[in-house]
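Novice: Residue-level listing of the chains:
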Amino acid sequence: MDQLQLVLDWFGNSAHWAGDRGIPIRVLEHLNFSATALGIAFVIGFPLGVTLGFLNKGQSLVVGLVNAVRALPTLGLLTIFVILSGIGLLPVLLSLIIIAVPPILVATFEGVRGVDRSITDAAHAMGMGRQRTAYLVQVPISAPLIVVGIRNSAIQVVSTATIAAFVGIGGLGRFVFDGLASRDFGQLAGGAVLVAILALGVELVLTLIQRALTPGTRNILTTAPLAIKTPNQKVHIP
Amino acid sequence: MNDYEWVLSNAGRIWAMVGEHLLLSSGSVVMGLLISIPLGIACARWRRLYAVVLVITSAAFAIPSVAMFILLMPFSGISRTTALIPLTIYAVAFLIRNVVGGIDATAPELRHAADAIGYGRVHRIFAVDLVTAAPFIWGAVRVATVSVISMVSVVSILGMPSIGDLFVDGMRRFYATPVIAGIVLTIALAAAIDALLVIVQRVTTPWARRA
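Those protein sequences? They're chains V and L, same order as listed. Just so you know, we're using this note's numbering here: the first sequence kicks off at 465 and counts up by one. Just so you know, we're using this note's numbering here: the second sequence kicks off at 14 and counts up by one.
None of these hints come from the bench; they were simulated from the model. One or more of the hints may lead you astray.
[Unchecked claim] Simulated restraints on C-beta separations:
1. L492(V) / V211(L): 43 to 51 Å
2. L47(L) / L677(V): 50 to 58 Å
3. G578(V) / V144(L): 25 to 33 Å
4. A24(L) / R647(V): 29 to 37 Å
5. W220(L) / A645(V): 33 to 41 Å
6. G25(L) / W481(V): 27 to 35 Å
[Unchecked claim] Stretches of chain L that chain V covers, calculated by requiring three or more beta carbons in the stretch to come under 8 Å of a beta carbon on chain V:
7. 42-55
8. 105-117
9. 131-143
10. 200-207
For each residue, glycine too, the CB sits at the ideal point set by N, CA and C.
Make the full structure from the sequences, and use the hints.
Specialist: Laid out in structure tokens, this is it:
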């Protein structure tokens, strides 16, 4: 197939692997701003989730936030921030953080809140305060679920970071958008392949971490999926 | 020209985008449902298949939609098919766990009762298992629909029409009005379809209403 040959030629050209516009640099850029956004989102979402979780308050706030952000078109979010504040890393990071907070928040909240009452009672009886119980008992118990939340955030962020190139930022999306602009299918599809590989790599690493934190389970069916509660029932989200 | 005038003078074009957006999102959720229900029935019965399906759908879910659209372009060009395939896969990723979860939640007593009054296996699946699963499936349809509606916009980057055209247009001219109009329209569309789904859900599963 001609198109496959174009992609192979693009990957085979050593010029595409070198310099500050080469594939390795673009991968690092992509990982760099994805990780930054994820880190900041964790610093916001995790303590908030733990606090609301052990107080067992704010369920409608958490669910409402998750649903509101789910309905937001990420392309529109990126575009509006860039138009309002100019091309730069800041508007992109801000959009990525907005997308990344809800999955971490809801997973932490549901995880901490869902810990069996007898366990938290035992911790209180031993003289642990609420905060200590939350961070030393409830968080470790719900760690597998929290990692599912981080995984969901990471997937969204890596995916959305691709579109960041649309608003003039680097990363792997650069190949996609430059390929589109110059009608170069090799570059376009080469970029798409790299984006897909990176996303699958991130998914794999976080799934392995999740498995490692879920003792005694080697089966995907027994690892807890993340669920959000709607008025009628829980809905599992992938 | 002020912003309100811009929206009015482009109302026809915007309306066409909303129509196409709605077509792509509802088409992919309907196709996702048509795939997920038989697949879910099979997965509830054969757990090995379920494990394989879960690995595939969560991997596919991780791949950014823009990459999937591009990799489909040699096969289906810039067409609705190219837009619908990845969106349908995402819809399946949302739906499958909930179809299987809903079937699993069927009380064994109900199954035994159905067996006892002589339902065949197929009859029981449709008359008992899927009925118990219906509230779970509806919940997932709502989440999937809202997610897909917000995802569709990306197709505009590759030149396929959707509300995303407003984002591309706004970015090209560095003009905020179309972008804001696009965001508002997407959220309004999601809210309207979700409200419609709630009504359909109430009508079709009256027993599942919150007490």
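Novice: 43 to 51 Å was suggested as the range; check whether the CB atoms of L492(V) and V211(L) agree with it.
Specialist: The hint (43 to 51 Å, Cβ to Cβ) holds, given that L492(V) and V211(L) are roughly 45 Å apart.
Novice: Lying within 33 to 41 Å: is that true of the beta-carbon distance W220(L) to A645(V)?
Specialist: violated (55 Å)
Novice: Is 50 to 58 Å right for how far apart the beta carbons of L47(L) and L677(V) are?
Specialist: At 36 Å between Cβs, range violated.
Novice: Is 29 to 37 Å respected by the C-beta to C-beta distance linking A24(L) and R647(V)?
Specialist: holds (32 Å)
Novice: Taking the beta carbons of G25(L) and W481(V), is their distance inside 27 to 35 Å?
Specialist: Given range 27 to 35 Å: violated, Cβ gap about 48 Å.
Novice: Report holds or violated for chain V covering the segment 42-55 of chain L, Cβ cut-off 8 Å, minimum 3 residues.
Specialist: violated (count 0)
Novice: Count the residues of the segment 131-143 of chain L with a beta-carbon closer than 8 Å to any beta-carbon of chain V: does the count reach three?
Specialist: violated (count 0)
Novice: Mind taking a look at whether chain V covers the segment 105-117 of chain L? Criterion is 3 or more residues with CB to CB distance under 8 Å.
Specialist: holds (count 5)
Novice: Assuming the hint says 25 to 33 Å, is it satisfied by the Cβ distance from G578(V) to V144(L) or not?
Specialist: Since the Cβ atoms of G578(V) and V144(L) sit about 28 Å apart, the hinted range of 25 to 33 Å holds.
Novice: Three residues or more, CB to CB closer than 8 Å: is that satisfied between the segment 200-207 of chain L and chain V?
Specialist: holds (count 3)
In terms of the numbered hints stated before, the structure departs from hints 2, 5, 6, 7, 9, listed from lowest to highest.
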